[in-house]
Amino acid sequence: MNLNKIFSFFVPKDKVFFNLFDRASTNLVETAVALKSMLNEPNKEVRSTYIKKISDLEHVGDELTHELFTELSSNFITPFDREDIHYLATSLDDINDYIFASAKRVDLYNIDKVTAPMIRLSELLEESVMLIHKSITLLKNLDNYTLLRENLVKINSLENHADDIFNLAIADLFNHEKDAINLIKHQEILQHLETATDKCEDVANVIETIMIKNS
Amino acid sequence: MNLNKIFSFFVPKDKVFFNLFDRASTNLVETAVALKSMLNEPNKEVRSTYIKKISDLEHVGDELTHELFTELSSNFITPFDREDIHYLATSLDDINDYIFASAKRVDLYNIDKVTAPMIRLSELLEESVMLIHKSITLLKNLDNYTLLRENLVKINSLENHADDIFNLAIADLFNHEKDAINLIKHQEILQHLETATDKCEDVANVIETIMIKNS
Amino acid sequence: MNLNKIFSFFVPKDKVFFNLFDRASTNLVETAVALKSMLNEPNKEVRSTYIKKISDLEHVGDELTHELFTELSSNFITPFDREDIHYLATSLDDINDYIFASAKRVDLYNIDKVTAPMIRLSELLEESVMLIHKSITLLKNLDNYTLLRENLVKINSLENHADDIFNLAIADLFNHEKDAINLIKHQEILQHLETATDKCEDVANVIETIMIKNS
Chain A
3 MNLNKIFSFF VPKDKVFFNL FDRASTNLVE TAVALKSMLN EPNKEVRSTY
53 IKKISDLEHV GDELTHELFT ELSSNFITPF DREDIHYLAT SLDDINDYIF
103 ASAKRVDLYN IDKVTAPMIR LSELLEESVM LIHKSITLLK NLDNYTLLRE
153 NLVKINSLEN HADDIFNLAI ADLFNHEKDA INLIKHQEIL QHLETATDKC
203 EDVANVIETI MIKNS
Chain B
3 MNLNKIFSFF VPKDKVFFNL FDRASTNLVE TAVALKSMLN EPNKEVRSTY
53 IKKISDLEHV GDELTHELFT ELSSNFITPF DREDIHYLAT SLDDINDYIF
103 ASAKRVDLYN IDKVTAPMIR LSELLEESVM LIHKSITLLK NLDNYTLLRE
153 NLVKINSLEN HADDIFNLAI ADLFNHEKDA INLIKHQEIL QHLETATDKC
203 EDVANVIETI MIKNS
Chain C
3 MNLNKIFSFF VPKDKVFFNL FDRASTNLVE TAVALKSMLN EPNKEVRSTY
53 IKKISDLEHV GDELTHELFT ELSSNFITPF DREDIHYLAT SLDDINDYIF
103 ASAKRVDLYN IDKVTAPMIR LSELLEESVM LIHKSITLLK NLDNYTLLRE
153 NLVKINSLEN HADDIFNLAI ADLFNHEKDA INLIKHQEIL QHLETATDKC
203 EDVANVIETI MIKNS
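Residue numbers (our numbering), protein chains in the order written: chain A, 3 to 217; chain B, 3 to 217; chain C, 3 to 217.
Just chain A, with the same shape it has in the complex (with noise of 0.2 Å):
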């Protein structure tokens, strides 16, 4: 802590920023990643092994954000709107969340089979996130805006396509499940894969509001 109170006296502020939200996106993709190989892993105990390191990728994702907040309450001058730099750090954080999550109940509920829906939402996710490191690397310099704008509505349309995937993986379920505990335990799962895409917008949204503002 101290450390890096005196080597952010050396460090241009944005660079702080800047290089936390990057290893905050680093983080999340090498979550999403787990959580793809661990939707696919077929042998409960190397699935565990993956639990395990998206639990642990979710303890330095909180350390990062706090180290976030730190940052935005220590300075005055920061490289964006404060309650912008605010909501990408909580919403980055949200998708950390949901995917620990979703990965927290395959192992709690002791899930069987592991559905298509369910890697394919990972899949979309993986996607998500990748964009999502891609786009807060382009914030650095704003000249890229083309790219940026692609970015952010490719995020958009992959919630969308994962809106879809859910609504009917949920129609099935309610038509084919007949153990109302399995139901409950896939829908649950499934509800919260849902919801981490829906958090990867929400980032998608903050990124465009700081594009409009300095443009």
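Every clue listed holds true.
Any copy, or any two copies together, can satisfy a pair, since identical chains are not distinguished.
With a Cα cut of at most 25 Å, we get these calculated SDA-like pairs of lysine to any residue:
1) 55 x 35
2) 187 x 174
3) 55 x 158
4) 17 x 32
5) 46 x 184
6) 17 x 77
7) 156 x 73
8) 106 x 49
9) 136 x 203
10) 156 x 69
11) 156 x 61
12) 106 x 117
13) 54 x 189
14) 115 x 189
15) 55 x 166
16) 215 x 18
17) 46 x 166
18) 55 x 173
19) 17 x 149
20) 136 x 83
21) 54 x 166
22) 46 x 177
23) 55 x 162
24) 115 x 181
25) 38 x 197
Hints were generated in silico from the structure; no laboratory data involved.
Add chains B and C to chain A, keeping to what the hints say.
Here is chains B and C on its own, set in the frame of chain A:
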């Protein structure tokens, strides 16, 4: 979008925001009316056309929210505090989302029998969003405080009424519904309708904040 | 209201806010104590009197939140940043709401057997809100940083502990409860209690933000 930009140079900023809030709350009234019609419709095919209409209105609402955020990011001067405009836009959008989520579930869960409390909640929602629309119109000219305050009190009392209906409906559901999957379906629809009325109360609260700040 | 207005002219603004936060957190302690007593009460009729008490305390909490928002809207000068006061008031209100929602469900679902993890979560909640009350008192005089920081660390560790209890309880529920409707009832109550402890962590975070900004 470009036409919009040119237009906004010739229109006082207040008019731009009021116009957008006026359209967003009018859209919400249409949505609530469609929800009530849908829940009162016994024929499932006709019901589907209402759900399609609610889905379309939800997209319109999303676009209006997006326009409000864009205006907020592009303009330095706003008729009210920026955070209140942001919160009002978000809360109106939330009502929209929860109404759509309720309607969608009637469809996804293939609900056979819409119940009396669902219809009652949709009536209270319709009343609330009509009062919200009137209150937003009254915000344009803050002379008529008494009428505005009366509207806000009514919205709050409609929300309390919705709470009572929801609580009774849930207690009844858990007492009499023996089919767990049916119980889940009905509980979720009631919950989303009740949350929509909570969001109406949020709108009333932010309108009160704006009123106090400008008194 | 008028008396309040007159009163506030003779009281420094800091005192008005501290007084309201003091009352809101004292009210929260009473609520958490009543929740624990309710969950430990075997007699359903006596239990109902506690639930009635929690409902009354929730209304008091709502009024205090409303007073805090009114003060915030009426005053240009505040002891801390406006957004932190807003967030602190909202988070305290959220704890209130989730405790009431848990208690209400024990009643609505006509729960026969309160379980050990429910009681344990209510104990952790009681400890957390007592620490929140102490921390708010310490905010009045920012000399005692060490003690304040210790309290915040304790609240965070109570939340981690609540997480572990919740996870074990949910895994246990899904492993042993064969009645789906019973499972839903217990899952929801546990979920609301756990969310209440999450909101305690939110309060600790905003207090930390205030502490950093004023150091």
